[in-house]
Structures are given as structure tokens and as C-alpha cells.
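K.L.:
Residues in the sequence shown are numbered consecutively from 1, following our numbering.
Some hints here could point you the wrong way.
Unchecked claim - DSSO-like cross-link-like pairs, simulated, lysine-lysine; straight-line CA separation at most 27 Å:
(1) K356 x K325
(2) K313 x K285
(3) K356 x K285
(4) K285 x K325
(5) K88 x K161
(6) K309 x K359
(7) K356 x K313
(8) K359 x K313
(9) K285 x K359
(10) K285 x K309
(11) K309 x K325
(12) K325 x K313
(13) K356 x K309
(14) K325 x K359
Said to hold, decoys possible - Pair ranges (Cβ atoms, derived):
(15) F169 x L312: 57 to 63 Å
(16) S5 x F157: 32 to 38 Å
(17) Q303 x I273: 44 to 50 Å
(18) L155 x K113: 45 to 51 Å
(19) K161 x R245: 37 to 43 Å
(20) I54 x R271: 45 to 51 Å
If you are wondering where the hints come from, they were derived from the structure by calculation, not from laboratory data. Every residue, glycine too, gets a C-beta built ideally from N, C-alpha and C.
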Amino acid sequence: MTGLSLTEKVMIGTALLGGMSGVIGSFAVLRGRALVGDMLAHAALPGVCLAFLIMGSKNMLGLSLGALASGLLAIALVTMIVRWTRTKEDAAIGIVLSTFFGAGVVLLSVIQKPGVGGSKAGLNSYLFGEPGNMLTGDLLLLAGVALIVLLTVGLLFKEFKIVCFDTDFAQSQGWPTLRLDLVMMASLAVVTIVGLPIVGVILMTAMIILPPATARFWTNRLHVMLLLAGLFGIAAALLGTRFGRGLPTGAAIVLTAASFFLLSLLFAPQRGIVARLVAEYRLRKRIAREHLLRSLYELSESQLPQLAKLELKTIRDYRYWRALKNLLQDAAEAGEIVRSGETAQLTPLGLRRAAKLTKAHRLWEMYMMQHVGIASDHVDRDADDVEHLLPEGLLIELEQQLATEGRLPDVVEEVPHSPHKIGAE
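Please construct the entire structure, taking both the sequences and the accompanying hints into account.
P.N.:
And the structure:
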């Protein structure tokens, strides 16, 4: 690595930090411990300052050990405050975070005074980050920490997974959940400490939180989330370093990671805002279409098996419609109805679909009246709110249960009569 240019060292170092921050940060986010990373970053500052005062130099390993000791002390204090007082964990974290950071700022101002310690140049990088000061030894330290963290996650993946998602089960199986949690938090602490010279105390939390939060939009599987979080962290580091020239590198990296988060928030295929809006629109459209078919069935029911031609005014007055014209057009294009002037008529295909929908609606109405105690004059609207989301298997169970109770017609394929008076809504 001695032959690498400074730019190459910075690119590799920030990529290592981004990758391991994304991986270990995923467990912190899933455990609801994201604020612990914030506390560690801020609590590390007095440790850095004290280590500098003791050594009189800016040896990264020594400063990192001081930061780690300070961070572990902060974790211990939070644990004691929560256990020995009635203070909640988030409040305890805020107390320790602000106290340690205030002490660090005071020590930093003391160090800046003439005659105190050795060369202070670059010490402020722990506050705001400055990867341009990276040396070969710093890069080797980052590589070693990244290797240890990834090996730890790989070896304890199954254990970390169950501790994140079902701690009670892990405890009931005799797993050492406390030790596993400590290993997880210790890994987070080490990553946070070695990342301080690159992105600084203030921005390190973002490197712990943003890549995992971004990855969460794209998957429900933990191993995929870890991979994506690592890749997002690496990409943010490389792009922020490459295109953030002239800007503070740490801030550029964090802004790049925030851009990934924003894009995922908007455009992720299942959890993104756009996808959810599209899904909600399609659901509303499907529900309105199903309401139309059921209404046409109920209006035609007295004349079945003849398919009655229904006046549009009759349909319009039957219930409240947001866009009846568009609904009729969609149903006609799907072959469910036939339009003729100011009338509409179910087709055989539309009748089959309408009968199925009406049957499901009435089965649910009968079940709620019989077993939930909803009055007949309220059950129609309550059924409307739920019936479109009922799985097929549940409808079959309802039908079997109601048939056993003798509440269905002898011919099971028939649509049961409405349990309430049908009229305009």
C-alpha cells in the first residue's frame, strides 16, 4: 500500500468505512440502537483529547484507543442510569451524549492553547472529519477492523439474526443474548471510532444509519439487507469522495448517502412512496370496480337468470360513485358489461364475477351479524371496508362454517340472500 497515491488511499479507506458501517449499522437499526452510534461518536471526543494530552502526538491507533475507552465508558454510564434510575434509555443516551461532547469541546479548546501538547494540526478532523490526512497505517487499521467486523458478522450471523428479531426466544433457548448484544455493540463502537477521522463526530451517525435504512426499502431478507447496506455505504463513500472535491469530504459522503436514501424513499419498488401511491390507486380502482359489479348484480338480482338492462340513472342513484363513467368504461373494456345508450347490462363473464363478489360480501355480512354482533343496518358498510382484502381460503372457511350452521341455501354454489334490506346507499 506504500505505492498508493493519497487519492487512492482516501478512496479505499472511505470505501472500507462505508462498507463496514452499512453492515454493522444494519444490526443497530434493527435492534433500535441507532442512537447508540450517535452517542458513541459524540462520547469519543473527550477520549481522543485525553489520549492526545497523554501521548502528545496524533497517533491514530492511540487516539482510537482513547476514543474507544471513552465510548465504552459512555455505554456503561447509560446502562447504569437506565438500571438504577427511572430514566428511559433515550433520555439516558441524550444525557451522556451531551455531557461527554461538552467535555470533549472543553478539552479541545484547552489543547488549542499555546504550549499544551504537541502538534495539534489535524486534530479537529475528529470533529468534522478529514480523510485527506489518511496515512498508510491508518488505511491498514481500517482494513483490519473491516476484516474483523465482517468475520464477526459472518461467524455469528445466525445468532445476531435471532437476537435482533426474537430476543425472548433466544433467551428461552439458553443463548447468551447479553454477550451477543455486547459483541454487536462492541463491533459498532469499533467501527464508529475508526470512522471519526474520516467523517467526524457529527456525521459518523449518518454513516451508521443511512445505508441500512436505505437498504431496508429494497428487501425483507436480512442477508440481502446487509449486502445492500454495505454496497450503499461503499457507493456513497466513493461517489462522495470522487465528486465532492472542493467540499468537506465527510459531508459530501453523508450527502451522497442521504441522496440514496431519498431516492429509495421515493422509488423503491415496494416500500417507496411512488410505489405505495400507485398500489393505493390500483386498490381504490379495484374496489370501485368490484362495487360496480356487485351493485349491478343486486339491481339485476330479481330478474336473474335474465340479464337486465339497467338505466344509468338507476345505477347512479344506487350508491355514491366518484367516477361512474370511467368505471363503466373500464368494465366494458374488460368484457364485464355491455353499454347501449343510457343503459348497461352485465355480460355472462361479468355476471360470474359479480356473483362471486356478491357471495363473498354476503358471507362476510352473515358472519359479522352472527358472530360479531353487528346490526343488520350497519353490516353492509362494515363489510365493504373488509371484504376486498379477504383471502380465498378464509371465504371457503366462512362458507363451510355458515353451511354447517344451516344459514346457507342447499345449493352451495348459489349466492345467499342478503341478510339485510338492499337499497340505495
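K.L.:
Indicate, hint by hint, whether the structure satisfies it.
P.N.:
Against the structure, the hints:
A threshold of 27 Å between alpha carbons decides the hint, and for K356 with K325 the separation of about 23 Å falls inside it, so the pair holds. Proximity of K313 to K285 is assessed by CA-CA distance (about 21 Å); at most 27 Å being required, the pair is judged to hold. Distance restraint check for K356 and K285: the Cα-Cα separation of roughly 18 Å lies within the 27 Å cut-off, and the hinted pair is therefore satisfied. For the given pair, K285 sits about 13 Å from K325 by alpha-carbon distance, which is consistent with the 27 Å threshold.
The straight-line distance between the Cα atoms of K88 and K161 is roughly 25 Å, inside the 27 Å bound, and the hint therefore holds. Distance hint between K309 and K359 is fulfilled; the C-alpha atoms sit about 22 Å from each other, no more than 27 Å. Taking the CA atoms of K356 and K313, the gap is about 25 Å. The hint holds against a cut of 27 Å. Using a Cα cut-off of 27 Å, the hinted pair K359 and K313 holds, with the two alpha carbons roughly 25 Å apart.
Proximity of K285 to K359 is assessed by CA-CA distance (about 20 Å); at most 27 Å being required, the pair is judged to hold. For the proposed pair K285 and K309, the alpha carbon gap of about 24 Å is at most 27 Å, so the pair holds. The suggested pairing of K309 with K325 holds, with an alpha-carbon distance near 16 Å, which does not exceed 27 Å. Between the alpha carbons of K325 and K313 the distance comes to roughly 12 Å, so the proposed pair stays at or under 27 Å and holds.
At roughly 20 Å between alpha-carbon atoms, K356 and K309 fall within 27 Å of each other, so this suggested pair holds. For the suggested pair K325 and K359, the alpha carbons sit about 25 Å apart, so the restraint of at most 27 Å is met. The hinted range of 57 to 63 Å is satisfied by F169 and L312, whose Cβ atoms lie roughly 59 Å apart. Roughly 36 Å separates the CB atoms of S5 and F157, a value that falls within the hinted 32 to 38 Å.
Distance hint for Q303 and I273: a CB-CB separation of about 46 Å, consistent with the stated range 44 to 50 Å. Taking 45 to 51 Å as the suggested C-beta distance range, the pair L155 and K113 conforms, at roughly 47 Å. For K161 and R245, the Cβ-Cβ distance of about 40 Å falls inside the hinted range of 37 to 43 Å, so the restraint holds. A hinted range of 45 to 51 Å for the beta carbons of I54 and R271 is consistent with their spacing of about 48 Å.
Consistency with the previously given hints is maintained throughout, with no hint failing.
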